[in-house]
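There are 4 protein chains.
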Amino acid sequence: MSHLPEHLLVGYRNFMKGRYAAESERYVSLAREGQAPETMLIACCDSRSAPETIFDSGPGELFVLRNVGNLIPPFEPDQEFHSTSAALEFAVDVLKVKNIVIMGHGRCGGIRAALAQGGKPLKPGDFIGKWMSLIHTAAAAVASTSVMTATERETALERISVRYSLNNLRTFPQIKAREEAGELTLYGAWFDISAGELWAMNRETGDFERPSLD
Amino acid sequence: MSHLPEHLLVGYRNFMKGRYAAESERYVSLAREGQAPETMLIACCDSRSAPETIFDSGPGELFVLRNVGNLIPPFEPDQEFHSTSAALEFAVDVLKVKNIVIMGHGRCGGIRAALAQGGKPLKPGDFIGKWMSLIHTAAAAVASTSVMTATERETALERISVRYSLNNLRTFPQIKAREEAGELTLYGAWFDISAGELWAMNRETGDFERPSLD
Amino acid sequence: MSHLPEHLLVGYRNFMKGRYAAESERYVSLAREGQAPETMLIACCDSRSAPETIFDSGPGELFVLRNVGNLIPPFEPDQEFHSTSAALEFAVDVLKVKNIVIMGHGRCGGIRAALAQGGKPLKPGDFIGKWMSLIHTAAAAVASTSVMTATERETALERISVRYSLNNLRTFPQIKAREEAGELTLYGAWFDISAGELWAMNRETGDFERPSLD
Amino acid sequence: MSHLPEHLLVGYRNFMKGRYAAESERYVSLAREGQAPETMLIACCDSRSAPETIFDSGPGELFVLRNVGNLIPPFEPDQEFHSTSAALEFAVDVLKVKNIVIMGHGRCGGIRAALAQGGKPLKPGDFIGKWMSLIHTAAAAVASTSVMTATERETALERISVRYSLNNLRTFPQIKAREEAGELTLYGAWFDISAGELWAMNRETGDFERPSLD
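Quick mapping for you: the protein sequence lines, in order, are chains A, B, C and D.
Taking this note's numbering, the leading residue of the first sequence gets 1, the next gets one more, and so forth.
Taking this note's numbering, the leading residue of the second sequence gets 1001, the next gets one more, and so forth.
Taking this note's numbering, the leading residue of the third sequence gets 2001, the next gets one more, and so forth.
Taking this note's numbering, the leading residue of the fourth sequence gets 3001, the next gets one more, and so forth.
It is worth saying that the hints were derived from the structure and are not from the lab.
Please read all numbers here as calculations on a predicted model, not as lab measurements.
The beta-carbon is built from N, C-alpha and C at its ideal position, and this holds for glycine as well.
There could be a bad hint or two in this list.
[Said to hold, decoys possible] One side of the interface only, derived from the structure: several residues of chain D facing chain C at Cβ under 8 Å: (1) 3037; (2) 3140; (3) 3141; (4) 3164; (5) 3194; (6) 3200.
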């Protein structure tokens, strides 16, 4: 009986012979001195949207929260268990990151589910439905836009939800305060796996644009 | 005004010239056919614990949930927003993954916070404290073991919390059902960045052991 | 009637044809000039924990005390027969060793016995119980940590007992004096036979770490 | 600051590349199945008298007690900490060894100390004197034998002390019982490093003889 799936063991062996062997000093130093990432990246669980791959990031570079649909709920200081809020608090108050990037992506199953249900919260016990209902107003508006194709509606809601989550980030008092003090910058991005296209949100207009890569 | 942090743009350029150029067919195919990962991996947000790096995983291989301390709360079918439960539901009910791996890691800031508070839930508005209080009973037991060093207590709690979260996974009816039907296997792992050490949980005893890599 | 077990005679013949033949000058010289080992090594009687094997040591290199659980009792200048104290006195006052290393090991039967009895001293005539009760406070603390597996509790106590014995070494006046004068260094180590893993105690933190072997 | 003496790290590296690499299956199996040595060997701490070297023994073969002068005190079921008795109890009652071998050696510093003090117990705090006073009657007798050379007196007392300790072994009820039941055999041996000479005690006469090695 193996204690890990075989494909992970194969991958780990490659890692140790390759990347770890090449960068072991950096790993040892990160262990000794602790992490100090400048950027928090919020992405989807989707297997085609790994931030460390897309941004070719090394160890210690990105503090990464991943949930379905890369959503941020609004600030709610109650007694519930909020994994998203705990991660934000750790990034902002403890690590004092300089950047938070929310990255949506194409062909997102969570967004598709939100559109399919037309923005209505689902029955109790349907965790995806409940979770995606965070954007149900926007989903309802987009779902009714019958002149757009299905793919256009998905892309639209994927980008709307990034802007929606950026707004929710600003409901956290310490995020708002640090942004106003110029100590923290909030960014939006959207990635599509097919052509490897990365789009960055224009922070003045909210539009998504291809960044210049020169 | 740049619309993305400079280090991400640099990394994205590397990705496009390197990995994407080499594997573009796989990316196009993953976009066309959708994701079908066999493994869900639950890891910490920590910047030194990226699953795709440690397991040298390609696009489409891992469905990844990342939260502080890689914790799974118990099943609670209420009306709250449960990002963790939504991700589990997506992985199990929609993607029908064959494996779920919970990977803890050394030097975990969330675990350290849980030990520092001695297992007591913190005041409202302290999201890290509230979130980590999921393991407060274990944290209290370990925190009182004064004959262990601080690092030994952390390592112990990091591994205990993996076992705790594996138990909570089994409180989700569909996970329990699929595991009993032999359609899903649950795994535990622990990674320490310094020496690149990966430990796999022995599924019979709960102990963490170095996997044979031959 | 043979006067030695056959396996020892076979081994001795191998020794004479192999190692002794190759190093006979060193043996002759060690006989003529006496021993002058720089290092005293305190290890368990366990048949899987032979210091000369693990450290590939030649004749004259290690002054070796072996008892169950590699324990050092505190300094007690009474009229009893103290084999451990006599060995320390010989190593420090007569041989003037520069290093004392206490090496614990995995799967230690003595430690297991200490945990099984929950730290309570046993009845008179139970020598293992009485001897291992030297660490009964630590054993009781570890034994009650039910969130750890049996193996995790054993490993924890194996390492705790090395630190405990190092502290007891310092209750011997001449050891304390020579250490403070910079003439003697005290070390802790832990070996596990399965993967041949050696861990060295960090002398500042008390943690056990894999030594770099480069 | 290194956490182990350099000569031990060098030796450990040799062990891993050499013996461990060649015998790793045996090590793994010994970890999984536990130790089951047939022979307990009681030897001196002296750096020139390592049983695993002299008998070319592999892992798992010898359960080894080492103290100054390879002495066994008589059975004393009191409340003191008896490291020697604990080791005997473990070997006989737990491991159920078939053989116990007491091996004295030439040029033994403990024996020399016993002769120098003429068999008189020393002042409190002199642990070597107190420990070696176990054989003070024999030491006094030999010390007064002025027609023997110093080396002859040492060799004589080294061998007398092996017989004395063999007798003490028989004061332990379970050792006496198992020997009488034919389940345990007691042996004496004496090794001199210079010429690599091993002598075995004739169990009928008590004489030390060179064993036939053919």
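Structure-based check of all given hints:
1. 3037: With Cβ-Cβ at 4 Å, under 8 Å, it holds.
2. 3140: It is violated, given that the least Cβ distance between residue 3140 (chain D) and chain C is near 18 Å, above 8 Å.
3. 3141: violated (20 Å)
4. 3164: violated (14 Å)
5. 3194: holds (3 Å)
6. 3200: holds (4 Å)
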